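Engineer: Based on the sequences and whatever the hints tell you, model everything.
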Amino acid sequence: MAKNLLIVESPAKAKTINKYLGKDFTVLASYGHVRDLVPKEGAVDPENGFSMRYDVIEKNEKHVDAIAKAARKAEALFLATDPDREGEAISWHIAEILAERGLIEDKPLQRVVFTEITPRAIKEAMNHPRDISEPLVDAQQARRALDYLVGFNLSPVLWRKVQAGLSAGRVQSPALRMIVEREEEIEAFRAREYWSVEAECKHPKQDFTARLVKLDGQKFEQFTLTNGEDAEAARQRIVKDAGGVLQVTDVNSKERKRRPAPPFTTSTLQQEASRKLGFTTKRTMQVAQKLYEGVAIGEEGTVGLITYMRTDSVNLSADALAELRDVIARDFGTGALPDKPNAYQTKSKNAQEAHEAIRPTSALRTPAQVARFLDDDQRRLYELVWKRTVACQMIPARLNTVSVDMAAGSEHAFRVSGTTVVDPGFLAVYEEGKDAKGKDDDDEGRKLPAMKPGDRVSLERVHADQHFTEPPPRYSEASLVKALEEFGIGRPSTYASIIATLLFRKYVELESRRFRPTDVGRAVSKFLSTHFTQYVDYDFTARMEDELDAISRGEEEWVPLMEKFWDPFKELVEEKKANLDKIDAGSVRVLGDDPVSGRQVSARIGKYGPLVQMGTVEDEEKPKFASLRPGQSIYSITMEEALELFKMPRMLGESNGEAVSVGIGRFGPFAKRGSTYASLTKEDDPFTIDFARAVALVEEKEEIARNRIIREWDGHDIQVLNGRFGPYISDGKLNGKIPKDREPASLTLDEALKLLEETGKPARGRFAKKAAKKAAPAKKAVKKVAKKATKKAATKKVAKKAAKKASGKAVKKAPARKTVAKRAKTPGD
Numbered sequence: 001m002a003k004n005l006l007i008v009e010s011p012a013k014a015k016t017i018n019k020y021l022g023k024d025f026t027v028l029a030s031y032g033h034v035r036d037l038v039p040k041e042g043a044v045d046p047e048n049g050f051s052m053r054y055d056v057i058e059k060n061e062k063h064v065d066a067i068a069k070a071a072r073k074a075e076a077l078f079l080a081t082d083p084d085r086e087g088e089a090i091s092w093h094i095a096e097i098l099a100e101r102g103l104i105e106d107k108p109l110q111r112v113v114f115t116e117i118t119p120r121a122i123k124e125a126m127n128h129p130r131d132i133s134e135p136l137v138d139a140q141q142a143r144r145a146l147d148y149l150v151g152f153n154l155s156p157v158l159w160r161k162v163q164a165g166l167s168a169g170r171v172q173s174p175a176l177r178m179i180v181e182r183e184e185e186i187e188a189f190r191a192r193e194y195w196s197v198e199a200e201c202k203h204p205k206q207d208f209t210a211r212l213v214k215l216d217g218q219k220f221e222q223f224t225l226t227n228g229e230d231a232e233a234a235r236q237r238i239v240k241d242a243g244g245v246l247q248v249t250d251v252n253s254k255e256r257k258r259r260p261a262p263p264f265t266t267s268t269l270q271q272e273a274s275r276k277l278g279f280t281t282k283r284t285m286q287v288a289q290k291l292y293e294g295v296a297i298g299e300e301g302t303v304g305l306i307t308y309m310r311t312d313s314v315n316l317s318a319d320a321l322a323e324l325r326d327v328i329a330r331d332f333g334t335g336a337l338p339d340k341p342n343a344y345q346t347k348s349k350n351a352q353e354a355h356e357a358i359r360p361t362s363a364l365r366t367p368a369q370v371a372r373f374l375d376d377d378q379r380r381l382y383e384l385v386w387k388r389t390v391a392c393q394m395i396p397a398r399l400n401t402v403s404v405d406m407a408a409g410s411e412h413a414f415r416v417s418g419t420t421v422v423d424p425g426f427l428a429v430y431e432e433g434k435d436a437k438g439k440d441d442d443d444e445g446r447k448l449p450a451m452k453p454g455d456r457v458s459l460e461r462v463h464a465d466q467h468f469t470e471p472p473p474r475y476s477e478a479s480l481v482k483a484l485e486e487f488g489i490g491r492p493s494t495y496a497s498i499i500a501t502l503l504f505r506k507y508v509e510l511e512s513r514r515f516r517p518t519d520v521g522r523a524v525s526k527f528l529s530t531h532f533t534q535y536v537d538y539d540f541t542a543r544m545e546d547e548l549d550a551i552s553r554g555e556e557e558w559v560p561l562m563e564k565f566w567d568p569f570k571e572l573v574e575e576k577k578a579n580l581d582k583i584d585a586g587s588v589r590v591l592g593d594d595p596v597s598g599r600q601v602s603a604r605i606g607k608y609g610p611l612v613q614m615g616t617v618e619d620e621e622k623p624k625f626a627s628l629r630p631g632q633s634i635y636s637i638t639m640e641e642a643l644e645l646f647k648m649p650r651m652l653g654e655s656n657g658e659a660v661s662v663g664i665g666r667f668g669p670f671a672k673r674g675s676t677y678a679s680l681t682k683e684d685d686p687f688t689i690d691f692a693r694a695v696a697l698v699e700e701k702e703e704i705a706r707n708r709i710i711r712e713w714d715g716h717d718i719q720v721l722n723g724r725f726g727p728y729i730s731d732g733k734l735n736g737k738i739p740k741d742r743e744p745a746s747l748t749l750d751e752a753l754k755l756l757e758e759t760g761k762p763a764r765g766r767f768a769k770k771a772a773k774k775a776a777p778a779k780k781a782v783k784k785v786a787k788k789a790t791k792k793a794a795t796k797k798v799a800k801k802a803a804k805k806a807s808g809k810a811v812k813k814a815p816a817r818k819t820v821a822k823r824a825k826t827p828g829d
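Residue numbers (UniProt numbering): 1 to 829.
No wet-lab data here; the hints were simulated from the structure.
Bear in mind the structure is a predicted one, so any value in this text is a computation, not a measurement.
Some hints could be false.
Here are the simulated BS3-like pairs of lysine-lysine, each with C-alpha atoms no more than 27 Å apart in a straight line [to be verified]:
hint, residue 1, residue 2
1, K564, K40
2, K254, K202
3, K761, K737
4, K733, K754
5, K257, K452
Structural biologist: The following block contains the structure:
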């Protein structure tokens, strides 16, 4: 066993670093977080200094045990988890676990940080170890405690007033509000008509099109012409006054410079990868993680290709700048180099300046050289990072903008603009992408023929075109990340998880790569915005992030921040809980009264999703319910559309002496004959499907059911069945395997019973009996309890420590961390 133990987060990184450090080191991975709050109420105790109850994450128990086993034999321990707040917290959790097990009392434990996985960077980091940063750990603890307290206190209110199973997140809720408010803007938008007028010009050297800028002696603006009649009249006046010729009255030429964009931060990488590569934020971070942790590059072996990808900084190290300038001079000439390196200022209030921007670990590794070692996603993202980094240290592009004004008679004028590239500078390598609908304001790339005042240009045609104003676009991933950053909501490293949570909770959906809130998402946002206004307020959320950042810098203490948040929050939650019956759900929209029955018709969120309801619970007759069709929303459905939904189920006729109908249930539209239900396909519309098609679907379902049974025995539940993955044995509670070399139809009852006994596992799915479904979780719970009991009994030392810890529960967390940090210092420091 090597004398030194180094712990990282991922096995890929562990493998790479192990090669660099050699035989004196054992490198193990924690596989991410090792502990988390106990998933039940009371895990954070506001009455006891916000002490937090943690438990080892079940799926990582074996990795923690492996680390503990190696730590027992090692002479020195190094914690090398990721260089951010989360990574610092993981190191602290590992140190706490090892301390509880008595494994670091007599040996040094140090923290090292790798911002890039290269031999040089790892050697440098190992030469400069430090202690665990208490401020960073405090900031992460405060963030986790806040998220927990918000979730555990707000979510039950949502269950009562909106829908069961919902959750409210401290940061995800303001992000959801942002998406919902944009949707409401779009719905409230009313398009306005306007007309543009253009002139098609014939020039001896080049034809071009000019836009109208003056009409009847007045400046021509967007809404000068708002209908076809006025536009046509204006067009005819222009044609008449121009007499087939436009006269050049003014030519303006101006040279300007465009500076390159700064190197990537987490946020700008996510935005640019979305715009240029079509990557989601999650996909971007996953690919970047692989590039950071290391890729096998031929004879070089495994090497990290980019620096750490969670950073707010736009700084580049002196070594990186020197190498970049060498590459630029080599590949683009010394003329492409500025006199001194370009410097950039970060916009973030809490940029981790000790980190660098995201850059190639060596600019000498060009995308072309490493392409054959990378998969397609890795190649494209690496090329993006490499080009952006190289471009940021090149000279500005020089552009020449020309604007030509031309008179059409004495009362009208047109203008044409064009931009030519005098010197491409950094544009020879990279140009920043634009969001959808982003337009150049200078007609860049259009070349114009040389013209001077007094020149006459032939007017070929004047045309007027109709337009309508457009609503603001829904957020894309790139524009949402940009907005979150501008408002100060969350931090770049959290954007991917915010978006993933909103999608997972089905609060939003992606349509054509744009976020559209679901009815449930809108109901949640409306309820929180109405009753917990402050806690989904953009400024409040941003201030909270700033205070968490101040904790991470050691400028504030975390417990006072928690107290300042908790007292008014808890008071508001208790007030709302006490008055729940008086609070409107936030998800009910009254459409009016049914013209036939006179009963109230409303749209709302029900137990299984959006629906329309006829009648109220106060009525003598029970309310009727109908699910919404795909694409319908409780916020926009009309009374007419709602009444159509109540026509379900539709009776289509009779087949084999039984009624045939179609309806819409919890799991979607269906056809029914007797007791047989058959789901409709995506192509089938329950409102238009005919009798023959419905019968065909039902009979197809019955045929499948008939062919499902290969063999059965009277008086026994056991059957040989055809399943999705082939034949199997089942008694409704257990499913058993059939040997591949055995013909299923030839099995005897005794053989089937034996196989079920030997290979049976709890049945799942719609054919399983309810008893089996209840037994499976119970069996798992018993197994888990037994496992923990065995483990606890096996180590008396751990049990004693746990008892001691429980008796001293009133002790605050902060001093406990200081004790570990002090114990971890290397002798002689």
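Engineer: None of the hints should be skipped; say for each whether it holds.
Structural biologist: Here is what the structure says about each hint:
1. Among the hinted pairs, K564 with K40 is consistent with the structure: their alpha-carbon atoms are about 23 Å apart, no more than 27 Å.
2. Simply put, K254 and K202 have alpha-carbon atoms about 24 Å apart, close enough for the 27 Å limit, and the pair holds.
3. For the hint pairing K761 with K737, the CA-to-CA distance comes to about 9 Å; that is within 27 Å, so the pair holds.
4. With a C-alpha separation of about 15 Å, the suggested pairing of K733 with K754 holds against the 27 Å cut-off.
5. The hinted pair formed by K257 and K452 meets the criterion: a straight-line CA distance of about 24 Å does not exceed 27 Å.
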